[in-house]
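*Asks:* Line by line, the protein sequences give chains A and B.
Okay, so the first sequence: first residue is 1 according to our numbering, each after it adds one.
Okay, so the second sequence: first residue is 1 according to our numbering, each after it adds one.
Just so you know, not all the hints are guaranteed correct.
In this list, chains with the same sequence are indistinguishable; a pair is considered to hold if it fits within one copy or across any two.
With a straight-line cut-off of 20 Å between C-alpha atoms, the simulated PhoX-like cross-links for lysine-lysine are [as the list claims (entries may be wrong)]:
no.: 1; residue 1: Lys-138; residue 2: Lys-168
no.: 2; residue 1: Lys-138; residue 2: Lys-172
no.: 3; residue 1: Lys-534; residue 2: Lys-297
no.: 4; residue 1: Lys-156; residue 2: Lys-168
no.: 5; residue 1: Lys-397; residue 2: Lys-297
no.: 6; residue 1: Lys-10; residue 2: Lys-397
no.: 7; residue 1: Lys-156; residue 2: Lys-82
no.: 8; residue 1: Lys-130; residue 2: Lys-546
no.: 9; residue 1: Lys-82; residue 2: Lys-10
Just so you know, these hints were derived from the structure itself, not from any lab.
Protein chains: 2
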Amino acid sequence: VRVLTAKRGKPVAARRVSGASAARDAAEQPRLVIESVSPQVDGGAFPAKRTVGEAVEVEAVLFGDGHEQLAAQLRWRAIDEKDWQVARMDERGNDRWTAAIQLERIGRHEFLVDGWLDRFGGFQRDFTKKRDAGVAQKVDMQEGRNLVEQASRRCKGDLRRRLADYVKRIDKAGEEEAGDLLLDPGLSLLMDEADERPFQVTSPPRMLESERLQARFSSWYELFPRSQTDDPERHGTFDDVIARLPQIRAMGFDTLYFPPIHPIGRKHRKGSTNTLTPAPDDPGSPYAIGSDEGGHKSIHPELGSLEDFRRLLDESRRHGMEIALDFAIQCAPDHPWLNEHPDWFDWRPDGTIKYAENPPKKYQDIVNVDFYKPESIPGLWVELRDVVLFWIEQGVKTFRVDNPHTKPFPFWEWMIGDIRAVHPDVIFLSEAFTRPAVMYRLGKIGFSQSYTYFTWRNTKQELTEYFTELTQTEVSEFFRPHLFVNTPDINPTFLHHSGRPGFQIRAALAGTLSGLFGVYSGFELCEAQPVPGKEEYWQSEKYEVKPRDWQAPGNIVEDITLLNRLRRAFPALQSHLGLTFYNAWNDQILCYGKRAPGSDELILVAVSLDPHNPQEADFEVPLWEWGIGDDGSIAVEDLVADRRFSWTGKVQHMQLTPDRPYAIWRLTPAPEAA
Amino acid sequence: VRVLTAKRGKPVAARRVSGASAARDAAEQPRLVIESVSPQVDGGAFPAKRTVGEAVEVEAVLFGDGHEQLAAQLRWRAIDEKDWQVARMDERGNDRWTAAIQLERIGRHEFLVDGWLDRFGGFQRDFTKKRDAGVAQKVDMQEGRNLVEQASRRCKGDLRRRLADYVKRIDKAGEEEAGDLLLDPGLSLLMDEADERPFQVTSPPRMLESERLQARFSSWYELFPRSQTDDPERHGTFDDVIARLPQIRAMGFDTLYFPPIHPIGRKHRKGSTNTLTPAPDDPGSPYAIGSDEGGHKSIHPELGSLEDFRRLLDESRRHGMEIALDFAIQCAPDHPWLNEHPDWFDWRPDGTIKYAENPPKKYQDIVNVDFYKPESIPGLWVELRDVVLFWIEQGVKTFRVDNPHTKPFPFWEWMIGDIRAVHPDVIFLSEAFTRPAVMYRLGKIGFSQSYTYFTWRNTKQELTEYFTELTQTEVSEFFRPHLFVNTPDINPTFLHHSGRPGFQIRAALAGTLSGLFGVYSGFELCEAQPVPGKEEYWQSEKYEVKPRDWQAPGNIVEDITLLNRLRRAFPALQSHLGLTFYNAWNDQILCYGKRAPGSDELILVAVSLDPHNPQEADFEVPLWEWGIGDDGSIAVEDLVADRRFSWTGKVQHMQLTPDRPYAIWRLTPAPEAA
């Protein structure tokens, strides 16, 4: 005989059950339940990200015991508004209720959901059923009438009078007419107004961050202003950058991003290709910020003056572009802060300061501040915030933040929140390459956009898994992936030997998989020579002035221009969301569709992942998404070749060649061509 | 030129950034982050369910900025313990930390996770790396030495002395020896003891409900005591039930469950097959509780006395079985409460009370109490709790609760919590058949087990999807599925025309898919005659005394006995968890494996879903789970045919016939037979 109770220790048992007052308290607990209110991040701890102009679909699960009729409403407001906007929610089955918020303002919003027992609505529902079935009795009607009478007694003034009037009319009427009166829409409105909303329950508030469009859709071009020269001996200037603006804008970019533009330290300055023995005229890394010429609020004199910089901002705006600056919290050993605020730094027992590392990278030319020395609080925190404010006052609205994962999360949460409370149109891009939990945390606490693992995701499986995680999980609510195809720090292995087709492949992926697409200059010229065995560029521009021939043969300017044109033309390409992967029966061909919310138009993309050989595949056209049968037809526009035709049948065939290793089609259900 | 900012409304903007004190507050915010502490239910609002004797693996994500070394510990205790038990957690990569709790007591437990910056551990990690690479400098050692000195100064007594002693020895030693001392395990222990645990952060507490084994593993047999007779004219008694105990125990059941055993109302009593016109000697439905013979604390006189019932409890225990009672909160119109507490009920304007409904079912012979009338609070709530207490005092430890979804959630949360605080070994089974959110809520607020949609899940896809939801999502933490193959209320459509093979199929599924398996008597005799077009039994036992021939030919007693024997023998079958579905290339054959935590043994089950035809299929043996190659071998024990052999190769073939439409194999990696 089996032993029924595993006796491993005395049970956790109290001596007495509770008294009447505990039961009374229990009866005061909410009878109805609201669960799973979305969008939400970490149970409401952080805002979900959206952009202004979007409709935000809110969903909640609301239920109670029994079979009674419930009602729900959505309330929302911008956080500087006093009054809530209110919308009734619709039930969509299985206790799910929905309504939508149309975001009209940039900035923080909040919303919540109320639910309550809808007694009169429930009466009308049941009474209608019984009437239709011919089983309504006089007592059913009497119950409805009593609800109206009770409501009237609860109310005052006009509402009381009008409800009482209904009661009188019901009492005088015959059975049929009285039933009609009880279902009268006018009475429903009055009863709703008079409703005391029994058992009302309210969800905790949830937050939404409504940002400007560029938070999810922008096309970045990164350059070193000092390299905008045709002579390595002549340091480029902001005026040289102004001269290049038309060319960059012609490629379709809307954001021009510079590594730090501040004075470069002289102590421990680096030489060409990251050497520790610079020549006397080596310009040094712009990430080694600060010298006796100034720190984070100053401009490197060889680039120009603050006046020149403001002119550049104006000229960029004139071309429909904006400037993004680099916010890098680090100092060259001769940064003025080391003299002015030595207590912000950690001095070693031998009187030196440890140089910075981001393993395996070593930065011998920079030192880091310590956010948690007593002397740093709040002086350092406030000073860093004021650095950002200073550049905002010059007209900069977008900041790429260098290595944010090596600075405290509470600093970013406070600093970004503080800035965005006053300047909600400011965008911060997180340049963190580290473990997923840390990358995602930075998104939650305020960064609008984030660098990603994209440059290390090359195979069909890798790309599918990564972009499924970014678009199909809760991550999609707070982490916007900015897909840089390369950076001054990342010369991707895939490109070292791929030749021109590899650059087309990576540009096509980045330009269509996310609304945020970034190119570091040189990519369009298919530059890829590495420091052997590393992801570093040979003779990296980080350490030298690097003039380029922007018309060099073999460039992919045409591809980039095309991609950016399509990105501007089709809303489906202006977000990483709305992504679905489709079957293509070839592991070297990735096939996916992008769809804007509520749109009937699908942008279908196929990219060969093989830069060396032609690849072909049968692939599935998702006719089912339009309710079209497997043998039906769909109108197709080839957006690369600019041709229109139609496909008949769910399975089609494609060929991609190293010459043009990607295809982009626009599919619409109406047959536009045959 | 594209407009850069969508100007749809004034941005949500404050006038000023914050002052120094806000920055100071920010610096006080936790620097480290603990996320995703599991197990958890709704962010800690409800306990995760386990049974005593289980090891609970706790996982948390812990991280901070930068690359510093962290440490984490798990703390847990039963809620009546003052001191925490503590275990250091191990890092498993990507910031995931784990440790386990061994549950030794029945009852409520709580746990939480602490994380902190491990400065000295980090020093040792970095110093070891540098030493190994031959780049350690004197200043590195000096920093470690200073950490020890600072720790010594912070401490008192013996610890201070012993740390100071290390400092002296380091200062006197040569470079090599000083390095060894800094990495000395003895010093590590002292430094850990002296650690002030900078930046310590603590997760919110999470709850665990440790129940007795029967909460997840028990085999129920349901019968109507009054039908334990060989003569429809003679009402069965508790003594008749005692006489049947050996037979029921021989089938392997350990829990014997009765519909309500209380006096049955006479007003509006139902007749045979749910008619409203009973014959004078019709016994009525036991769910119509209460008459002038008593209410919820009384026993129907024809069944016996309270003394008889206690004897039955004793006899059951002697057979290694327990009795489960039905807790049905409803009254026949002649229940004593209607006189004693008329204010607990809702009277209609015509002086009647609405009878109960659970659409589409109508219960004209019962009325419901109203939990929220002012007169019901707290009298009704306390009285209902006391009804349960009364039966616990008689020796009952398991309650099947009728229709809990039509009574308020706060009532159940309070009542079950109150009972289990004093009697933590009491088990409540929720008989709710309603929408998923409501079913799951009842699990969250305290029910140990729940009825399910199993009786309506018949196809391979339906079963796979449902059991994936129950075992692979958060649902697995709080909802234990009790798989009844039939109930007095559910005569499953699948069985109406399946014949005997259908009963074998459903028994095999229920008996192997969950640790909780239930049979309502008559099932083993393959009874299936329905009220035409309904899931009701014809001449339902709910309304009449129903003698049976327990040896009737064509019964499946042998199958049920086998299933219950295997369930007792193999821990893998004592839970719904540990389930994996495998490929069988035939939509009529469902193939799955069950594995107990940490076990090397897999119970592999194949069930034909076709009661009419033989079915065969190639199927995949999951050799990969033992790291065996696709061509490798595995030892197999056929638990149905009692044969041992081995399979070589990942793909095998099976045939299942209506004669025995299921197979159960035990797979172990050691070749036990060839």
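*Asks:* Now tell me, hint by hint, if it's right for this structure.
*Replies:* To see whether the hints hold, each was checked on the structure:
1. Lys-138 <-> Lys-168: within (16 Å within a copy, 98 Å between copies)
2. Lys-138 <-> Lys-172: within (14 Å within a copy, 102 Å between copies)
3. Lys-534 <-> Lys-297: neither (34 Å within a copy, 80 Å between copies)
4. Lys-156 <-> Lys-168: within (17 Å within a copy, 86 Å between copies)
5. Lys-397 <-> Lys-297: within (16 Å within a copy, 74 Å between copies)
6. Lys-10 <-> Lys-397: between (64 Å within a copy, 17 Å between copies)
7. Lys-156 <-> Lys-82: For Lys-156 and Lys-82, the Cα distance exceeds 20 Å both inside one copy (26 Å) and across copies (56 Å).
8. Lys-130 <-> Lys-546: Neither. Shortest intra-copy (84 Å) and inter-copy (36 Å) distances fail the 20 Å Cα cut-off.
9. Lys-82 <-> Lys-10: between (55 Å within a copy, 15 Å between copies)
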